[in-house]
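One line per chain: the protein sequences are A and B, in this order.
The numbering of the first sequence is this note's numbering, which starts it at 1 and goes up by one.
The numbering of the second sequence is this note's numbering, which starts it at 1001 and goes up by one.
No lab work stands behind these hints: they were computed from the structure.
Quantities reported herein were computed from a predicted structural model and do not represent experimental measurements.
Treat the hints with caution; some may be incorrect.
Claimed, not checked - Below are the BS3-like pairs computed for lysine-lysine, each with C-alpha atoms no more than 30 Å apart in a straight line:
1. 11/A with 57/A
2. 57/A with 1103/B
3. 1076/B with 11/A
Claimed, not checked - Label pairs and their calculated CB-CB ranges:
4. 1041/B with 56/A: 25 to 35 Å
5. 16/A with 1023/B: 23 to 33 Å
6. 1065/B with 100/A: 15 to 25 Å
7. 1009/B with 51/A: 35 to 45 Å
8. 5/A with 1030/B: 40 to 50 Å
9. 1096/B with 3/A: 19 to 29 Å
10. 1009/B with 5/A: 40 to 50 Å
11. 1108/B with 22/A: 32 to 42 Å
12. 1027/B with 38/A: 23 to 33 Å
13. 1052/B with 11/A: 27 to 37 Å
Glycine included, every Cβ here is placed at the ideal spot set by N, Cα and C.
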Amino acid sequence: DAEITQSPRHKITETGRQVTLACHQTWNHNNMFWYRQDLGHGLRLIHYSYGVHDTNKGEVSDGYSVSRSNTEDLPLTLESAASSQTSVYFCASSESEWGNEQFFGPGTRLTVL
Amino acid sequence: GQNIDQPTEMTATEGAIVQINCTYQTSGFNGLFWYQQHAGEAPTFLSYNVLDGLEEKGRFSSFLSRSKGYSYLLLKELQMKDSASYLCAVRVYQAGTALIFGKGTTLSVSS
């Protein structure tokens, strides 16, 4: 069955370290998204991509980067992790056509000490 | 800017009907989504409205009024498993198919 996976599911890191969170989907969806979810803020968009080599900044993109070298993967990199980036990160994907729902991965809980 | 408001918490009893409201102020509106999220899990899609009116899907219905910037999710015949957070999200033309989420409404269903 087609699916969307994230790894790792849990990670603890130190301030200043570079961290990469993986997202892989097997639906062959062109659209992929990264969100973070924090108490009191809900889900907030970090970056998104509409196809290979396409990336766009979302509402809270500072301190994060993404790259899209193939259809299946959209890794999220924290260049220099900060305690404010402690959060649960969700990856999602959708087909190109308007109206299609986004399918979410299981999430990665990141703690920055 | 974009703003989406929902109540923070609601409670209801098994078998009852509950209505979760969502109001939004956005430019370039292009559709409204409802998602369900159980604690510790990923959001899952419930419904989508782009035109005014009611969309019904089994026990769940969603309504949209674009002129009022208003939507609601109606849950009938509540079950304990409906205890979850319900997320209202808006799509705007400027962000393509990306979604802007409200903070979510936590629904607790008791017996």
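- Any hints from earlier that this structure breaks? Give me their numbers in increasing order, please. 3, 5, 8, 10, 13
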